[in-house]
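J.: One-letter residues, chain by chain:
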Amino acid sequence: MTALDDSFPITRRLVLRGAGSIGLAGLSIVSFGTTPTLAAANDKYPEDAFKQKDGKEAIKLLYGRAAEPSEKIKLDAPEIAENGAVVPISVSTSLPEVTSIAFVVPENPNVLAAYYKIPEGTIPNVANRLKMAKTSNVIAIVESGGKLFSATKEVKVTVGGCGG
Amino acid sequence: MRNVSKALWSLVSLLSIGNAALAASSEADFRAAYAAADAAEHEAGRLRNQWIATEAALAEAKKAADNRDFDRAISAAKEAEALAKVSIFQATSEKAAWKHLEIH
Amino acid sequence: MASSIRVRAITNGETTEVQTLIQHPMDSGFIKDDKGGFIPAHFIQELTFEHNGRPVFIADWGTAVSKDPYVKFAFKGANKGDDLKVSWIDNKGATDTATFKIQ
Amino acid sequence: MRFWLITLAVLALSIAHRAGAAEGIDPATDARAFREYFVRKFPNVKLDDFANGPYALNEDMRRQWEEKEQFPPYEFSLETGKELFGTPFANGKSYADCFPEQGIGIRQNYPQFDEKSGKVITLELALNLCREANGEKAISYTGDDMAALTAYMAFTSRGKPFDIKIPDDPRAREAYEDGKRYFYTRRGQLNFSCATCHVQNPGERLRAEVLAPALGILNAMPIYRSEWGNMGTISRRFITCNSQVRGVPLEAQSDEYRDLEYFLSYVSNGLPISGPGSRP
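Residue numbers (the numbering used here), protein chains in the order written: chain B, 1 to 164; chain L, 1001 to 1104; chain S, 2001 to 2103; chain X, 3001 to 3280.
Listed next, the stretches of chain X that the computed footprint assigns to chain L, with coverage defined by at least 3 CB atoms under 8 Å from CB atoms of chain L:
hint	segment
1	3184-3198
2	3233-3247
Under the rule of at most 30 Å between Cα atoms (straight-line distance), these lysine-lysine pairs were calculated in the DSS-like manner:
hint	chain 1	residue 1	chain 2	residue 2
3	X	K3165	X	K3119
4	S	K2072	X	K3068
5	X	K3119	L	K1099
6	B	K44	S	K2076
7	L	K1099	X	K3046
8	X	K3165	L	K1095
9	B	K44	B	K153
Among the chain B residues that face chain S by a calculated CB cut under 8 Å, a handful are:
hint	residue
10	Y45
11	V86
12	A114
13	Y115
14	N125
15	N128
16	R129
17	L130
Treat the hints as calculated values from the structure; they're not laboratory data. In this text, a Cβ means the ideal position worked out from N, Cα and C, and glycines have one as well.
Please put together the full structure from these sequences, using the hints given.
T.: Following this line, the structure appears as structure tokens:
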């Protein structure tokens, strides 16, 4: 398994976060297995990755390696989510041979939000609506030609109030 | 929002001065305090302007009384009365004051 | 019972754009109910789209996908009138399947 | 803090203030002034666009909304509404029999002033009156079925301008005036009126949310709120508004809420029905 690349800023941030989130993980109501499985390699639902509290671990469980930022990924997300319950987020990319696209929200209780397998003939362009517990980066991970690339955007999330 | 509550609390405590009874309070004292609060809240209801906080304080008073903690029950009832009185004041003054906000 | 799946699949001759909305609570397990207990997690885990028996899109979802989830994608090689089969399974084992005509 | 202090001062000062004898009630002039206020406040917003609430005022939110409108989350409720609307009662009649035009494309005419009862009849109320007239139990004004029914009826009226009539009847003018008074009256522990949020501060963020302008605010009803995770009626929205300013809400379809709906709908006359809507 390839080691995570510490020069990748998101990864580094997630590593730091990981140390701080141990307490939170301990409190969480779901337990998760620790055996890393390369979920992306087979067709099974990547259960362990979806239970991860740490972005680095989730990506590692999914792919077994880290991603590097790419300008060929266009991540579209609002600056301020009108409501954290429904945040429209989409990604498109000009990268070749895309086989999967994933969305990671490091500040969510479970950091991996969605993982899309892109068979040949399907265009690497996905739009979905995600929940965000609080202000966080959103990371799109694109698997292209066997390599991992990412794009990151911060989305501000504030609490609800007298509005509408 | 916290500041708003703080300002309101000082107003409420102004209106509820005198509730710091030193001796342990009796059930009769509670009944009197609760009846006064209930009457004020009833009036606020007639004016269609009850406050959630008043209802909560009334419920707290009742609960404390059920637990025979009359000190707490009386203090909650006094607080409810004070809140109800502010809401009555609000409703009464707004009978004329609403016009200031109107678009002309 | 009406299907939980709504699909709009429209082709321009070359690519087919697929939009899907599914009726599902997508409970995360992190939200408390009125009584203060946690509402158990209940969410779709896998959503599959098949065109002529071939998977064209597979969504693996966690608890962070919004209630009544929506997803949009596009693929090549379909014709007007072709079938698009959509099915999902959630973490409690419930499933639903529906077939739609590409327009 | 400053706001509250000013508020207290206003409260204190206003004891001394007494409005003169009831001036003539002139809804048409009111409505013109109401509209002009918002048009002047938001010169770049097209008049009809006020029916889209906060999305008319904030570009980032508008993009999120437009994305959601591609396949709106209220789609399921809308279908339920259509189904409920078309399902006959036990006596074989249906909602369509209670309304002009079989109930299709008429939402913009509600609320109406009913000269017989001397009261305002909202669409929600009319639906329950219809049920009761046909031997069915009334349904909850804040529940999903009422939201779905009104969503369907609004949908069939999309684009039709609000056309609320105030007949030449002193009781109708009074109902309108009472609604107006309710709208501007400060209430609840926060000492907010409806106007505090929706006249003085539309477009501003109150905590998370961009406040909708009062002009056109009911055109989008009922609304699917992300905060609720489902569709809610006008009754439900009024009730939550009152709770949000820490007041005890009135009963759904109380005289006050009916009059409030009458006032708010009347001053939005001419703006298109855009409901069902979606809001944060």
